[in-house]
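Protein chains in written order, with numbering that gives the first Met the number 0: chain A, 0 to 305; chain B, 0 to 413.
Do not rely on the hints blindly, as some may be mistaken.
As the list claims (entries may be wrong) - Partial selection, computed: residues in chain A whose CB lies under 8 Å from chain B:
#1 A22
#2 A40
#3 A44
Stated by the list, open to error - Facing chain B, from chain A, some residues (calculated, C-beta under 7 Å):
#4 K45
#5 T48
#6 V127
#7 P130
#8 P161
#9 P164
#10 P194
#11 R200
By construction, these hints were calculated from the structure, which means they are not laboratory data.
Where a beta carbon is used, it is the ideal one built from N, C-alpha and C, also for glycine.
Residues per chain are reported as follows:
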Amino acid sequence: MNDARHRTDEPPAETSSTDNRRAFLKAAALLGGAAAAGTAALVHAKRTTVGNEPTGAASVRELPPLKSIAIERRSDPLLRMQEALRRALAKPVEERRWLMVIDTRKCVGCHACTIACVAENRLPPGVVYRPVVTEELGVFPNVALRFTPRPCMHCDQPPCTPVCPVKATWKRPDGIVVIDYDKCIGCGYCVTACPYNARTRNLGEYYTDGTPARQPYESRPSFEYGKLWDREGHRSPVGNARKCHFCLHRLEEGMLPECVTSCIGRATFFGDAADPDALVAELCARPNARRLLEEKGTAPRVVYLV
Amino acid sequence: MRLHWRIPLWIAWLAAAAWGSLGFIERLSGGHAAGNYGSYVVWGLWVSAYIYFVGISAGSFLLSSLIYVFGERRFERIGRLALFTAIVSLCMALFSIWCDLGQMSRFHRIFTSPNFGSMMAWMVWLYSIYLLLMLIELWLATRADLGRWQASARGACGVIGRLLACSRGPLDARQERSCRHWLKVLLLTGIPLAIAFSGGVGALFSTLSARAFWHTPLMPILFLTGALVSGVGLVAFLAAVFSPQRGEDQRDTVLLLGRALLGLLVFDVILEWAEFSVPMWYGVGPEYSLLMRVLFGEFWWVFWVLHVGLGCVVPILLLTVRWRAWSVGLAGLLVAVTFMTVRLNIVIPGLLDPHFQGLQTAFTDHRLVFWYVPSVFEWQVTCFILAVGAALFYLGFRFLPLVPRDEGAAGCKA
Chain A
0 MNDARHRTDE
10 PPAETSSTDN
20 RRAFLKAAAL
30 LGGAAAAGTA
40 ALVHAKRTTV
50 GNEPTGAASV
60 RELPPLKSIA
70 IERRSDPLLR
80 MQEALRRALA
90 KPVEERRWLM
100 VIDTRKCVGC
110 HACTIACVAE
120 NRLPPGVVYR
130 PVVTEELGVF
140 PNVALRFTPR
150 PCMHCDQPPC
160 TPVCPVKATW
170 KRPDGIVVID
180 YDKCIGCGYC
190 VTACPYNART
200 RNLGEYYTDG
210 TPARQPYESR
220 PSFEYGKLWD
230 REGHRSPVGN
240 ARKCHFCLHR
250 LEEGMLPECV
260 TSCIGRATFF
270 GDAADPDALV
280 AELCARPNAR
290 RLLEEKGTAP
300 RVVYLV
Chain B
0 MRLHWRIPLW
10 IAWLAAAAWG
20 SLGFIERLSG
30 GHAAGNYGSY
40 VVWGLWVSAY
50 IYFVGISAGS
60 FLLSSLIYVF
70 GERRFERIGR
80 LALFTAIVSL
90 CMALFSIWCD
100 LGQMSRFHRI
110 FTSPNFGSMM
120 AWMVWLYSIY
130 LLLMLIELWL
140 ATRADLGRWQ
150 ASARGACGVI
160 GRLLACSRGP
170 LDARQERSCR
180 HWLKVLLLTG
190 IPLAIAFSGG
200 VGALFSTLSA
210 RAFWHTPLMP
220 ILFLTGALVS
230 GVGLVAFLAA
240 VFSPQRGEDQ
250 RDTVLLLGRA
260 LLGLLVFDVI
270 LEWAEFSVPM
280 WYGVGPEYSL
290 LMRVLFGEFW
300 WVFWVLHVGL
310 GCVVPILLLT
320 VRWRAWSVGL
330 AGLLVAVTFM
340 TVRLNIVIPG
350 LLDPHFQGLQ
360 TAFTDHRLVF
370 WYVPSVFEWQ
380 VTCFILAVGA
390 ALFYLGFRFL
400 PLVPRDEGAA
410 GCKA
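Okay, chain B solo, but in the shape it has when bound:
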């Protein structure tokens, strides 16, 4: 990356990390008191961020799996990048949901005393297995390069190579083949796992019969598609920006990702149309009134401007009119970032429906209202999580063999 981009990015990261860490310290010391969620709207920004990051992780992972398993050579240069993006996104998701827990120190109970009848317990166990699987896959995918670093790289990269390669010197052909074989086994195993848990997050919501807004069988499919859209969008952006080889190969890879993104985005729009039009068609029922609030309520601009405008229309135009690598990267960035609004518009409206009219006025309390806007404190914690994620990503990009290096690229070279 060029120097004149690096300085403002470093300043932005430092500002985000400093501002965000204040919120995180407040979270640890003061609990939930500064949050705006309550007893009726019990989930807010952090849960939305959690399902957003989980979606990105599943989407990136599925992309990397398709690359390795089906030998899609044109994509192979971004396989590890997609895998690492999936790991970082999952860490951010787990960090986010950990902050939302009322008793943060008891998270281990989900491992020591799980109720496998609960969709949430399933999710946590699947995430844990998935994270473990991805870490092993990343090691297998990079082990050959790490082995080469032992001999040739100096400084931090040499140390990393010696620590992580688990071999004396570069790997021989048999060891490399074995790594590729086991990588393929684990990626094949990971595909159903990623589908199960990204759809499972949708099931976490849709299995709740008490919430008419969530209780739809389409929800798991919507989450799976959303995961692919946001994950592929982010990887397209990262491939356009972080791939140091600016040649024909890189351009082809990014353009192919653009085609995949366009197809997924169109499919997601069709699903969303079904999700909105069916409950709204006859204009009656609780789902209708909640969807009307999403479309024409106080936060109409979140749906129309951020999601439809910047998240669908502009990316589709960029992917169809301007067929360039940069336009694919920009479209991917827009899709990935604005997908957070889709997650917010799932979590929050689902909790805004009082089954008893008058419950809000039955006992007057600012925590007992059917209304929610994230507080500054909640944004601070989310900002901290983003800063931590960005730092992890940078460290991985800088010190792990995630992308092919040319002579002029930053980072370690074998």
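Okay, chain A solo, but in the shape it has when bound:
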């Protein structure tokens, strides 16, 4: 840089002062414009709901009723839930209010739900939707075990959805928090935002890697969100955030979530809380109903009976 030249070309003090003022005003105008645009973008983002699922009449599913079995309040819980599911699907999606109830006193810690979920959703290493936390309580000889299955809580105030930078995750009108694998960029921000550690990151591994041959069952596609997801070639959901979705693909076809049907102790219940005759509506109103980390203000849609 030619310092001497710069010094000789320097404008006189008055001009310099005017120049400074002009520069300041131009910068203020640029910043003011940017701040106005930023505020508008923020307000728009906060007031816009994300989602691409059909609503209203387009979301109604008419499924045939169970004619051969009479279903009443004292029927088997699975039958009651199945009938409630049929009633719920006959309503538009915005009138459903899916809820899960887990009776921890009935849970025996068999992990059948965890494994059924892994099989249903073809979960790879590092991804688990429904682990069962086992706690040892007390001191010998006064000891006990407590089992707490932990699916996604599908919070009414989800901390994970507003943090997504690309609108790839949102809460549906029926309450299920979903991820669009085709949009997710895999930044992991939503994974850090969940206080329940319910979101996981698919890093593209296979259980049988490192063995003589990768087993074919690991390469089979999953059917989450009603689409076919083939992981070969690092395609989604490899690289994405993944979480429990209450087996939405099964619900849409009139089937209960896999963890509910696989529970050997009838400890997990699922249904439409907006239906007063549904089993879950009855159970969640009990005085021993609790929600996890209620103090976080997330309003979870998974209720524990303790």
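For this one, chain A is given, so just place chain B on it according to the hints.
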């Protein structure tokens, strides 16, 4: 730079680039499989490196802005160097975070389908505007010299001058004044932008209510101060090493940078004291146990030896006891390099807190653990990013008018 320094530096760069490129190729072909992060500790070395480089960029930029906008003549000889350091650091930061994405090819979605309710979307947009702004500023700051190169410089510098100056021959006085005016406008615009995004990176963490370790209003201030400390530290080192004029002016510039660094470092230590002492005072709560792990856990030496010892105590001693240009340069280097440990000690401990005890044993998997140490593969990719950054910096130093040239200096001369 002297010849006997150049050869080992070239060898080190070649070794780092070769070793690092193996990791980067692995990243592109094999994805994340060789990384040690997982589903619970979801971020690791690359995210730490990202906030580290972003901090350096913001700090260097703020320094260069203060130089030009407030007409701090004593610093002016390092203004462009600081600006270019900010550009290179930001490129390294974006490269680092790009490697961390699960779907690298979808990064464009943040521009085409942004959610402005998300702090991360804000960050990316602010970075992009900031990068654009800095490139224009660098062009405006160097245009006069580039114009002179067209006529006088030969070889690569002449070609660069002809390509970048956008004028026929040297700039006249009016054009030079116009460049300086618009440079001032953009630098003024850039100051709030740099403050917003360096503090915003802190907000990216602190807005997450799920993470008690990060969820503190002090975090954005801590990030802003950290950015200034690491940025000024690096520029002090670069000014001491790369400024070819070894006269009184250069010594004064470096010593003044040393004073600024000392003040910022002391302020940062005070903030850090608040950040540690408040949650730890009564010895209860999740933050307490996480901070105890930082201070006395398995990686205690990262905090005590690298950060407190080499990053604070030694630089403060160098800046107070030995008041020389070389000691300022060394202190700046130590501060800038060891600041990475501060970033690691923010990112990783924040993710080590399971809200449910027993979650780690609920489903046994090496990706479902509350434990993390970077893998060799992660270091390789980071090494590659450093090598790319060093190459960019060298090319800029060699072929752009970043520092005043004397007759004996390498690089292009007008």
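Hint-by-hint comparison with the structure:
1. Against a cut-off of 8 Å between C-beta atoms, the interface hint on A22(A) holds, since the closest Cβ of chain B lies about 4 Å away.
2. Among the interface hints, the one on A40(A) holds; its C-beta lies about 4 Å from the nearest C-beta in chain B, closer than the 8 Å criterion.
3. Checking A44(A) against chain B by beta carbon gives a least distance of about 4 Å; that is within 8 Å, so the hint holds.
4. This hint holds: K45(A) has a C-beta 5 Å from the nearest C-beta of chain B, less than the 7 Å allowed.
5. Annotation: interface hint on T48(A) violated; nearest CB of chain B at approximately 11 Å, more than 7 Å.
6. Interface hint status for V127(A): upheld, as the beta-carbon distance to the closest one in chain B is roughly 5 Å, under 7 Å.
7. For P130(A), the suggested interface contact is upheld, since its CB lies about 4 Å from the closest CB of chain B, less than 7 Å.
8. The restraint placing P161(A) at the interface with chain B holds, with a minimum CB-CB distance near 5 Å, inside the 7 Å limit.
9. A distance limit of 7 Å between C-beta atoms decides the matter here; for P164(A) the minimum to chain B is near 4 Å, and the interface restraint holds.
10. For P194(A), the interface hint holds, since its Cβ comes within 7 Å of a Cβ in chain B; the closest pair sits about 4 Å apart.
11. Interface restraint check for R200(A): the shortest CB-CB distance to chain B comes to about 5 Å, inside 7 Å, so the restraint holds.
The earlier numbered hint that this structure contradicts is number 5, and it is the only one.
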